[in-house]
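Protein chains: 2
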Amino acid sequence: MRVSQFFLSTLKEAPAEAELISHKLMLRAGLIKRLGSGLYTWMPLGLRVLRKIEHIIREEMNRSGALELMMPAIQPAELWQETGRWEVFGPQMLKIQDRHQHDYCFGPTHEEVIADIARREIKSYRQLPLNFYQIQTKFRDEIRPRFGVMRAREFMMKDAYSFHVDLASLEQTYQRMHDTYSRIFSRIGLNFRAVAADTGAMGGSSSHEFHVLAESGEDAIAFCPTSDYAANIELATTMPRGNTRLEPSGAMQKIATPDQKSCPEVAEFLGVPLEQTLKTLAVTANDQFYLLLLRGDHQLNETKVRKIPFLANFELASAEQIIAEIACPPGYLGPVTAKAKIVADKAVLEMSNFVCGANEAGYHLTQVNFGRNLPVPELVFDIRNVVAGDLSPDGKGILEICRGIEVGHIFQLRTKYAEKMQATYLDESGQTKVMEMGCYGIGVSRIVAAAIEQNHDAQGIIFPLSIAPFQLSIIPINYHKSDMIRSEADKLYQACLETGIDVLLDDREERPGVMFADQELIGIPHRLVIGERGLKEGLVEYRGRRDEAPRMLPLKESIAFITQQLAGY
Amino acid sequence: MRVSQFFLSTLKEAPAEAELISHKLMLRAGLIKRLGSGLYTWMPLGLRVLRKIEHIIREEMNRSGALELMMPAIQPAELWQETGRWEVFGPQMLKIQDRHQHDYCFGPTHEEVIADIARREIKSYRQLPLNFYQIQTKFRDEIRPRFGVMRAREFMMKDAYSFHVDLASLEQTYQRMHDTYSRIFSRIGLNFRAVAADTGAMGGSSSHEFHVLAESGEDAIAFCPTSDYAANIELATTMPRGNTRLEPSGAMQKIATPDQKSCPEVAEFLGVPLEQTLKTLAVTANDQFYLLLLRGDHQLNETKVRKIPFLANFELASAEQIIAEIACPPGYLGPVTAKAKIVADKAVLEMSNFVCGANEAGYHLTQVNFGRNLPVPELVFDIRNVVAGDLSPDGKGILEICRGIEVGHIFQLRTKYAEKMQATYLDESGQTKVMEMGCYGIGVSRIVAAAIEQNHDAQGIIFPLSIAPFQLSIIPINYHKSDMIRSEADKLYQACLETGIDVLLDDREERPGVMFADQELIGIPHRLVIGERGLKEGLVEYRGRRDEAPRMLPLKESIAFITQQLAGY
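Just so you know, the protein sequences line up as chains A and B, in that order. The C-terminal position of the first sequence is numbered 569 in our numbering, with every residue numbered one higher than the one before it. The C-terminal position of the second sequence is numbered 569 in our numbering, with every residue numbered one higher than the one before it.
These aren't lab readings, by the way, just hints derived from the structure by calculation. Possibly wrong hints are sitting among the right ones.
Unchecked claim - Restricting the straight-line Cα-Cα distance to at most 27 Å, the calculated cross-link-like pairs of lysine-lysine (DSSO-like) are:
1) Lys536(A) - Lys556(A)
2) Lys123(A) - Lys123(B)
3) Lys123(A) - Lys24(B)
4) Lys24(B) - Lys24(A)
5) Lys123(A) - Lys12(B)
6) Lys12(A) - Lys123(B)
What the hints assert, rightly or not - A short list of chain B residues far from chain A (calculated; beta carbon distances all over 10 Å):
7) Gln5
8) Pro44
9) Leu50
10) Pro72
11) Pro91
12) Ile96
13) Arg176
14) Ala196
15) Ser227
16) His480
17) Phe516
18) Pro554
19) Ala560
All C-beta atoms in this analysis are idealised placements derived from N, C-alpha and C, irrespective of residue type, glycine included.
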């Protein structure tokens with residue numbers, strides 16, 4: 001492609017509304033243009049990237065045996081009413097009425113539609129398993145769309161849905177999708193991690209998220225660098241260190257801590273490590289009052305608390321409730337002397353000589369010890385997020401925490417949808433059985449942003465070769481002034497096309513600096529510069545997007561050199 | 001692809017709601033499944049056809065120099081309010097409110113969005129011309145969706161929009177799109193015709209429709225078989241034959257024609273040719289009463305009437321108005337003795353000795369002649385549709401009428417949208433000018449139905465090779481019982497794949513009749529049958545989908561033979 005026949009539209013500065021680096025760079029490079037809140041046009045340059053990602057996904061999905069189809073974006077309400085999700089899905093679902101006042105939605109996902117197809121089309125166990133997928137525009141009415149295509153309202157998604165006679169077959173396809181996703185993200189060239197995840201609102205049993213690792217990621221992931229273990233920190237199980245409590249080092253004391261309410265404040269005020277403080281949280285559940293105990297540097301994990309049967313519907317206690325129960329304002333609570341049910345996190349049991357609230361405004365207790373100043377808690381659970389330094393749940397190392405951008409999610413839905421929609425088949429003995437179901441999503445457009453979050457520098461985007469809008473940029477100096485330059489540049493360009501190199505020839509009448517800046521901003525991985533001085537010696541200048549400096553190559557060998565670079569990137 | 005790993009789902013009978021043959025066959029072949037009114041899922045088999053059409057369109061659009069982008073499906077109301085189309089477009093446009101009660105629509109077309117991009121991105125004449133296109137899901141809320149994907153609500157469209165400094169540039173791109181569309185429909189293998197068309201609600205000047213010729217087509221097209229001329233019958237100009245009126249053959253007579261009101265009734269009652277009768281239509285415009293005269297076998301063309309300035313807002317007169325003006329009920333009107341303004345179609349001037357209403361209930365006049373019984377009309381216009389047998393407007397032959405399915409439409413929009421949205425550029429002298437604009441649509445999903453309307457027989461679909469879901473079907477007899485058959489079929493299948501033949505191997509445990517019927521129904525152009533008897537002599541049976549009878553081929557030569565067929569189809 002010649003730039004003169006293409007549409008480049010780069011910006012020096014990103015619009016003020018962009019916060020995330022990928023959002024800024026996508027706008028500056030002209031990959032996307034904003035149409036409205038959470039709505040973006042994919043400009044020709046950006047669409048080339050998106051299509052390359054689509055192509056990789058399609059190839060790998062086909063290789064896995066999945067069959068591509070295309071369901072309507074607009075879905076009748078009736079199907080969603082069958083599963084009860086018409087009401088449950090909430091305002092993220094864009095609801096629509098047609099001219100006859102019939103209810104529809106712009107599909108945020110397609111479990112209902114595909115289950116409807118399955119129940120009408122699949123009669124016998126002989127037809128199973130089946131795995132259908134589509135690559136399609138979806139819409140989710142985010143309350144606050146932001147970060148460009150990272151959290152847009154209209155976006156491109158690959159969604160797949162599999163149907164099975166039993167769990168064993170579902171597990172087999174689930175594993176195949178796990179492998180397929182790994183191949184897809186590897187081929188794209190992303191640093192990613194498959195992470196055990198909560199099944200959340202989608203229901204079902206097993207679930208994995210695929211995260212592109214990047215500091216700006218919204219999700220915190222606990223992983224073990226010495227094993228395969230990775231999980232969303234909300235889901236990762238904490239492991240007791242197994243440390244026994246130390247002997248009391250001195251008598252418990254009540255110390256004035258005026259206006260020091262949080263653990264970090266108290267720790268600093270008293271000059272003790274934060275891990276030496278105890279966090280006491282007051283909650284209520286079923287009209288019962290509880291104090292939850294955590295080490296001062298740990299965070300409560302609400303999901304874990306809700307899995308404790310008697311705390312399933314817990315709420316944080318109000319200041320009024322706390323004063324009524326403990327006669328003490330929040331900030332000075334502690335388990336000693338409190339007449340409340342105590343629920344302790346497992347890590348608390350290993351604490352000794354710790355600091356906690358005195359249940360008296362402006363005072364804390366120090367040198368507190370279980371068994372001496374208060375009973376050892378009986379209700380002990382895992383109710384916190386893991387932190388870096390925790391033992392890995394697989395026992396194979398020490399956890400680290402990183403941040404990730406979710407680009408894929410696979411679920412074993414089991415029979416949740418199939419049962420409600422009566423998606424059944426006849427088994428070998430002629431009996432009617434409910435199908436097992438899996439679903440598998442990839443945020444196609446989001447991958448572009450995630451890849452940029454992971455691959456950029458001060459000059460702009462550094463696209464992985466597999467999804468770069470062009471593989472090679474040819475920049476001739478004085479293309480419009482020098483016949484020799486123009487002729488050689490055109491020849492090289494033509495030779496690239498014939499070799500199958502995806503090449504962009506910058507034939508604009510622009511200063512070299514502008515052309516270099518554009519090539520770097522839009523992230524073309526390889527660059528050849530044709531200048532008069534080099535050409536006289538038969539040389540061109542090559543620079544890889546990540547290279548420290550350019551180097552000179554014989555013009556005659558440049559195609560072979562680039563071909564080698566493309567193969568071995 | 002092996003049928004066992006694919007998803008075939010054919011039906012013996014089409015669902016009752018399908019009227020059109022393409023709709024019936026698409027449902028029977030399992031290309032599509034209905035989700036709701038005007039909403040269809042493209043099943044894996046149908047999607048293969050759609051994707052092949054998409055691929056041809058994309059290749060040819062790229063070859064023409066157009067640049068692919070992708071605009072959002074959801075569009076903010078504000079843009080449509082700028083052009084006034086938010087109100088004008090009518091209930092075909094699906095309007096939507098998001099969670100913040102902001103107005104949007106599911107884009108039925110994208111003139112506003114692209115003009116918004118153009119006005120923000122195009123600054124200088126140096127950037128022009130530009131032609132952007134997308135292949136995208138559109139939605140039009142048809143009042144009565146029918147005929148399957150032919151008139152669906154959600155459908156796939158290729159829409160392109162070009163921008164220019166002047167009309168000459170627009171005309172150049174318009175011609176290039178005309179040529180590109182011809183190449184696209186030719187490559188797909190359709191019998192089509194480019195037809196001059198009315199610009200209608202889209203506005204602008206020149207416009208052509210591309211029609212696939214088929215008896216079931218909704219549009220009537222006048223064409224000249226001895227020249228290039230073709231036009232929608234609403235647009236085709238009628239040409240006077242140039243016949244002079246005959247001398248009166250007898251005196252005018254008033255004849256009782258009880259209950260004979262329409263021209264055909266009167267012609268039959270009196271035993272005269274329909275062409276000998278005169279049709280008199282009463283209309284009003286601007287409080288003035290008119291009688292429009294047409295030959296009895298001709299049809300009024302309202303579009304043409306509205307182009308006559310004083311009839312621009314005409315309406316058919318009510319029975320009350322007619323009685324008030326002529327003192328005669330409808331059905332017996334005529335120009336003789338009527339005190340009304342007369343507007344005659346050009347063909348009427350060539351009539352003599354004709355029959356018309358007597359302006360008296362139950363009576364008609366015969367042997368009526370201009371110049372004798374009434375004055376020669378002064379207001380003479382072309383106000384009828386052309387009919388077969390008319391002279392071609394290009395003077396190069398006699399018109400015929402055929403029916404067509406519109407699959408493409410190109411428009412010179414000129415500055416209609418650009419002016420309202422202030423899409424301007426700076427010309428060479430630094431002056432601000434409004435861009436000229438063209439738009440170019442193809443109904444991608446509709447092409448599948450149109451191709452089937454044009455290519456089918458009693459057994460089912462006969463897909464053109466270029467868009468067939470598979471090029472070749474291999475049907476082994478007793479695949480599951482005979483090791484020899486299975487081994488040879490597998491070998492042949494593998495060899496096809498390696499040669500790049502898009503092949504479907506029917507490895508089901510089905511009766512041969514079922515497999516043959518499926519291959520014919522889904523319209524695979526070529527078929528090889530492997531049976532034991534033939535195999536013993538090293539032969540396989542070949543049959544082209546349109547062949548009268550099968551023939552035997554040496555198995556060894558079958559790949560070469562098929563390759564030849566694919567190249568020369």
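Results for each hint:
1. Straight-line distance between C-alpha atoms of lysine 536(A) and lysine 556(A) comes to about 13 Å, which keeps the hinted pair within the 27 Å bound.
2. For the hint linking lysine 123(A) to lysine 123(B), the alpha-carbon distance of about 60 Å lies beyond 27 Å, and the restraint is violated.
3. Restraint check for lysine 123(A) and lysine 24(B): the C-alpha separation of about 22 Å stays at or below 27 Å, so the hint holds.
4. This hinted pair does not check out: lysine 24(B) and lysine 24(A) have alpha carbons roughly 51 Å apart, beyond 27 Å.
5. Between lysine 123(A) and lysine 12(B), the direct Cα distance comes to roughly 16 Å. Compliance with the 27 Å bound is thereby established for this hinted pair.
6. Under the criterion of a C-alpha separation no larger than 27 Å, the hint pairing lysine 12(A) with lysine 123(B) is consistent with the structure, at around 16 Å.
7. Not every CB of chain A is more than 10 Å from the CB of glutamine 5(B) (nearest about 6 Å), against its label as outside the interface.
8. The Cβ of proline 44(B) sits about 4 Å from the closest Cβ of chain A, inside the 10 Å cut-off, so the non-interface label is violated.
9. Look at leucine 50(B): its CB is around 7 Å from the nearest CB on chain A, not clear of 10 Å, so calling it non-interface is violated.
10. Not every beta carbon of chain A lies more than 10 Å from that of proline 72(B), the smallest distance being close to 4 Å; the non-interface claim is violated.
11. Taking the minimum C-beta to C-beta distance to chain A, about 4 Å, the non-interface status of proline 91(B) is violated against the 10 Å cut.
12. A cut-off of 10 Å between C-beta atoms contradicts the statement that isoleucine 96(B) is not in contact with chain A; the least separation is 5 Å.
13. Annotated as non-interface, arginine 176(B) keeps its C-beta farther than 10 Å from every C-beta of chain A; the closest such distance is 13 Å.
14. Separation of alanine 196(B) from chain A is adequate, the least Cβ-Cβ distance of about 31 Å exceeding the 10 Å criterion.
15. Every C-beta of chain A lies more than 10 Å from that of serine 227(B), the closest at about 36 Å, which supports listing it as non-interface.
16. Separation of histidine 480(B) from chain A is adequate, the least Cβ-Cβ distance of about 13 Å exceeding the 10 Å criterion.
17. The claim that phenylalanine 516(B) lies off the interface holds: its Cβ sits roughly 21 Å from the closest Cβ of chain A, which is beyond the 10 Å cut-off.
18. Taking the minimum C-beta to C-beta distance to chain A, about 33 Å, the non-interface status of proline 554(B) holds against the 10 Å cut.
19. Here alanine 560(B) stays apart from chain A, with its beta-carbon at least about 27 Å from theirs, past the 10 Å limit.
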